[in-house]
Structures are given as C-alpha cells and as structure tokens.
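Student: Sequence:
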Amino acid sequence: MAPIPTPGAGPQDSPDTYVGLDAQRAEQQALEHGWRTVRKLPPGAIITMEYLEGRLNFEVDNGAVTRCWKG
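Going by the numbering used here, the letters in the sequence shown line up with residues 623 to 693, in that order.
Simulated from the structure, these hints should not be mistaken for lab results. Just so it is clear, the structure is predicted and the values come from calculations on it, not from any experiment. It is possible that some hints are incorrect.
[Unchecked claim] The calculated label-pair distances, taken between Cβ atoms and stated as ranges, are: (1) 691 to 644: 25 to 31 angstroms; (2) 636 to 663: 28 to 34 angstroms; (3) 665 to 693: 25 to 31 angstroms; (4) 684 to 634: 28 to 34 angstroms; (5) 644 to 672: 25 to 31 angstroms; (6) 634 to 668: 27 to 33 angstroms; (7) 647 to 676: 18 to 24 angstroms; (8) 666 to 638: 26 to 32 angstroms; (9) 655 to 686: 17 to 23 angstroms; (10) 634 to 666: 25 to 31 angstroms; (11) 636 to 674: 16 to 22 angstroms.
Beta carbons are placed, not taken as given, at the ideal position from N, Cα and C, and that holds for glycine.
Take these sequences, add in the hints, and give me the full structure.
Tutor: Next up, the structure:
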C-alpha cells in the first residue's frame with residue numbers, strides 16, 4: 623500500500639507573499655519556487671474543495687492577486 627501524502631508538503635513560501643502582485647509575475651514566481659500547479663480564479667468563483675498537494679490558488683481581480691492559498 624502506498625504511503626498517504628502529508629498535507630503541507632512542498633514549497634515552504636507563504637501564500638501571503640503573492641497577494642498584491644501582478645498575476646502573471648506571481649504565477650512565474652510560484653513556479654520558480656517549486657509549485658507544480660497555479661490555479662488563477664476570478665473573485666467569487668465556485669470551485670471544488672479537493673486538496674491538491676503542490677498547487678497554489680490565486681484569486682485574481684483586475685490583473686492582481688487578491689487572495690492566495692495552498693491546495
């Protein structure tokens with residue numbers, strides 16, 4: 623049986639560091655820091671709540687990151 627991955631593994635930078643950045647620059651920076659996937663969403667988007675290790679989520683309004691979270 624395969625081991626169950628531990629949530630929180632992956633890049634250790636804080637999601638808060640991306641808030642306020644231009645969305646394209648934030649995505650580039652996240653990928654450089656080792657995030658495998660970056661998901662950009664409009665404010666209030668309806669999304670599934672599955673946790674995906676290595677994914678960083680951006681809420682983007684007017685081209686800037688307004689909220690950021692792991693998974």
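Student: Just pull the numbers of the violated hints for me, sorted ascending.
Tutor: 1, 2, 3, 8
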